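Undergrad: Sequence:
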Amino acid sequence: MHDLLQKMAFDIVRNDQGKRNRLRDIEEVRDVLKHKKKRLTTLNHSDQGIIQFSDKLRYIEWNGYPLKCLPDPFCAEFIVEIRLPHSSVEYLWHGMQELVNLEAIDLSECKHLFSLPDLSEATKLKSLCTKLKSLTSEKHLRSLQKINVYGCSSLKEFSLSSDSIASLDLRNTGIEILHPSINGISKLVWLNLEGLKFANLPNELSCLGSLTKLRLSNCDIVTKSNLEDIFDGLGSLKILYLKYCGNLLELPTNISSLSSLYELRLDGTDVETLPSSIKLLSELGILWLDNCIKLHSLPELPLEIKEFHAENCTSLVNLSSLRAFSEKMEGKEIYISFKNCVMMNSNQHSLDRVVEDVILTMKRAAHHNRSIRYSINAHSYSYNSAVVCLPGSEVPKEFKYRTTGSEIDIRLQDIPYSTGFIYSVVISPTNRMQNEHGTSAEIQCECHQEDGDRVVLYPFNLSLPRSIFNHNFTYVFLA
-11 MHDLLQKMAF DIVRNDQGKR NRLRDIEEVR DVLKHKKKRL TTLNHSDQGI
39 IQFSDKLRYI EWNGYPLKCL PDPFCAEFIV EIRLPHSSVE YLWHGMQELV
89 NLEAIDLSEC KHLFSLPDLS EATKLKSLCT KLKSLTSEKH LRSLQKINVY
139 GCSSLKEFSL SSDSIASLDL RNTGIEILHP SINGISKLVW LNLEGLKFAN
189 LPNELSCLGS LTKLRLSNCD IVTKSNLEDI FDGLGSLKIL YLKYCGNLLE
239 LPTNISSLSS LYELRLDGTD VETLPSSIKL LSELGILWLD NCIKLHSLPE
289 LPLEIKEFHA ENCTSLVNLS SLRAFSEKME GKEIYISFKN CVMMNSNQHS
339 LDRVVEDVIL TMKRAAHHNR SIRYSINAHS YSYNSAVVCL PGSEVPKEFK
389 YRTTGSEIDI RLQDIPYSTG FIYSVVISPT NRMQNEHGTS AEIQCECHQE
439 DGDRVVLYPF NLSLPRSIFN HNFTYVFLA
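Sequential numbering from -11 applies to the sequence shown in our numbering.
If you are wondering where the hints come from, they were derived from the structure by calculation, not from laboratory data.
In this text, all values refer to a predicted model and were calculated from it rather than measured experimentally.
Misleading hints may appear alongside valid ones.
Stated by the list, open to error - Straight-line C-alpha distance at most 30 Å; calculated BS3-like pairs for lysine-lysine: (1) K201 to K267; (2) K185 to K175; (3) K134 to K226; (4) K114 to K175; (5) K201 to K185; (6) K144 to K112; (7) K175 to K112; (8) K185 to K226; (9) K282 to K226; (10) K134 to K114; (11) K175 to K226.
To be verified - Here are the simulated distance ranges between beta carbons: (12) G223 to S155: 18 to 26 Å; (13) E288 to E164: 39 to 47 Å; (14) E164 to P287: 32 to 40 Å; (15) E251 to D208: 21 to 29 Å; (16) S248 to V443: 35 to 43 Å; (17) P287 to D220: 42 to 50 Å; (18) S270 to H74: 41 to 49 Å; (19) P61 to E164: 36 to 44 Å; (20) L237 to E292: 34 to 42 Å; (21) I398 to H337: 28 to 36 Å; (22) P287 to G223: 19 to 27 Å.
Ideal Cβ placement from N, Cα and C applies to all residues, glycine included.
Modelling step: build the complete structure from the supplied sequences, incorporating the hints.
TA: Right, here's the structure in full:
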């Protein structure tokens, strides 16, 4: 029994090709000492002559490799990673190779690459980053987990099959048609198709039930109709980017089927309003509508919204009640911005209603904060806060303590009972507020105690776009 256990241990160590942390045979010792420095090769724009790689090479990294292919002969039997970014390679090697240990290939920004070797034997391949004209495989790549072909403008053909692919980045490639086999990538969770010029948005996307992140920004093919075809199958989707999709004029009503959606980006689209069914997205926490210049009205929004961005929506006039924000305020930090929404000033009734809703939200936040302040189980992350920026030139009438200057002092003993502070500031940007990124103003609340100590309660930096200097804009800021 002892001999059998010893033999089994020796076999395990001998077969552990990547580590070799136990050596028994004299030939193994000699082999490791002889090839110690040739198993890991890292070179960067080397001025040396082209070296002959060891047949036992495990790892090669050469940024800017100058030749069309790896030296011939090249043995890839033991290779685990090949990283040749920004290189001149057109292909890696001639013929077939034993690729049983290969886990990662990085050929990013290899602008002359036109073909990859047969990867059907690379059963451990997990990551592929490349730049080429065609990426196809008739074989099933069981271990491939990540593919990044970002920026391969020459890549027209793409078809791979793998049960393990979790991340697929095809943005800004030349792909015109997505192969139907994409519906077989059952474990895909991250898909980036930004900037693609394909003819149709494939219905097969609706079969990607595990997908949590989908990016379709800058795709003119995206319309209400083809989104409607894929939404019903994407119940796990949490993040959806549809920024600057030039032909997206409206969202389908079945967006409510995206029951897990947390973040929705519609920046720069031509949507004029949102479907009323959007309020059914109970998990939606972040909504971006910046630069939607045709957006004129908004329906009731979901209760869980924490960030709402509608900056530069220059046609926005009508808003439904934002009172829903105040109904579920436990542990929330809310940010609402309507910067540069100049038409909101033309509907004073709607704007007044928004201000009332915002103040109600802040009052409920203050009451919640007071209740948990004395709770044994409360933690700092349970506190609420709300920040809102609106177009306007006057502090809302609800504020009792007012000034026309940049400071105001309030004696706390004049206030018999207080759960917190809500403050409002009118900001009219000046040249001295400008910096290279735009405009910023610091708003600060201080508490001066009787013993002379000063406590800064709420410092906040408000950033405004540089474009406001081209117009006579003022903003009302509430927090």
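Undergrad: Indicate, hint by hint, whether the structure satisfies it.
TA: Structure-based check of each hint:
Restraint check: the Cα-Cα separation between K201 and K267 comes to about 21 Å, which is no more than 30 Å; the hinted pair holds. For the given pair, K185 sits about 25 Å from K175 by alpha-carbon distance, which is consistent with the 30 Å threshold. Under the criterion of a C-alpha separation no larger than 30 Å, the hint pairing K134 with K226 is consistent with the structure, at around 19 Å. Distance check on the hinted pair: K114 and K175 sit about 13 Å apart at the alpha-carbon level, within 30 Å; holds.
The hinted pair formed by K201 and K185 meets the criterion: a straight-line CA distance of about 20 Å does not exceed 30 Å. Under the criterion of a C-alpha separation no larger than 30 Å, the hint pairing K144 with K112 is consistent with the structure, at around 26 Å. Restraint check for K175 and K112: satisfied, since their Cα atoms lie roughly 17 Å apart, inside the 30 Å limit. Pair hint K185 plus K226 holds up; C-alpha atoms about 24 Å apart against a cutoff of 30 Å.
Pair hint K282 plus K226 holds up; C-alpha atoms about 26 Å apart against a cutoff of 30 Å. Restraint check: the Cα-Cα separation between K134 and K114 comes to about 6 Å, which is no more than 30 Å; the hinted pair holds. Under the criterion of a C-alpha separation no larger than 30 Å, the hint pairing K175 with K226 is consistent with the structure, at around 15 Å. For G223 and S155, the hinted distance range of 18 to 26 Å is satisfied, since their beta carbons lie about 20 Å from each other.
The hinted window of 39 to 47 Å between E288 and E164 holds, with their beta carbons roughly 40 Å apart. Distance hint for E164 and P287: a CB-CB separation of about 36 Å, consistent with the stated range 32 to 40 Å. Separation of E251 from D208 is about 22 Å and conforms to the stated range, judged on CB atoms against 21 to 29 Å. Range check, S248 to V443: Cβ separation about 42 Å, and the 35 to 43 Å hint holds.
Here the CB-CB span from P287 to D220 is close to 21 Å, at odds with the stated 42 to 50 Å. Hint check: S270 to H74, Cβ distance near 46 Å, so the stated range 41 to 49 Å holds. Between P61 and E164 the CB atoms are about 38 Å apart, so this pair conforms to the stated range of 36 to 44 Å. The beta-carbon spacing between L237 and E292, approximately 27 Å, falls outside the hinted interval of 34 to 42 Å.
At roughly 31 Å, the beta carbons of I398 and H337 sit within the given window of 28 to 36 Å. A beta carbon spacing of about 22 Å between P287 and G223 agrees with the range 19 to 27 Å that was offered as a hint.
This entry does not satisfy hints 17 and 20, going by the numbered hints stated previously.
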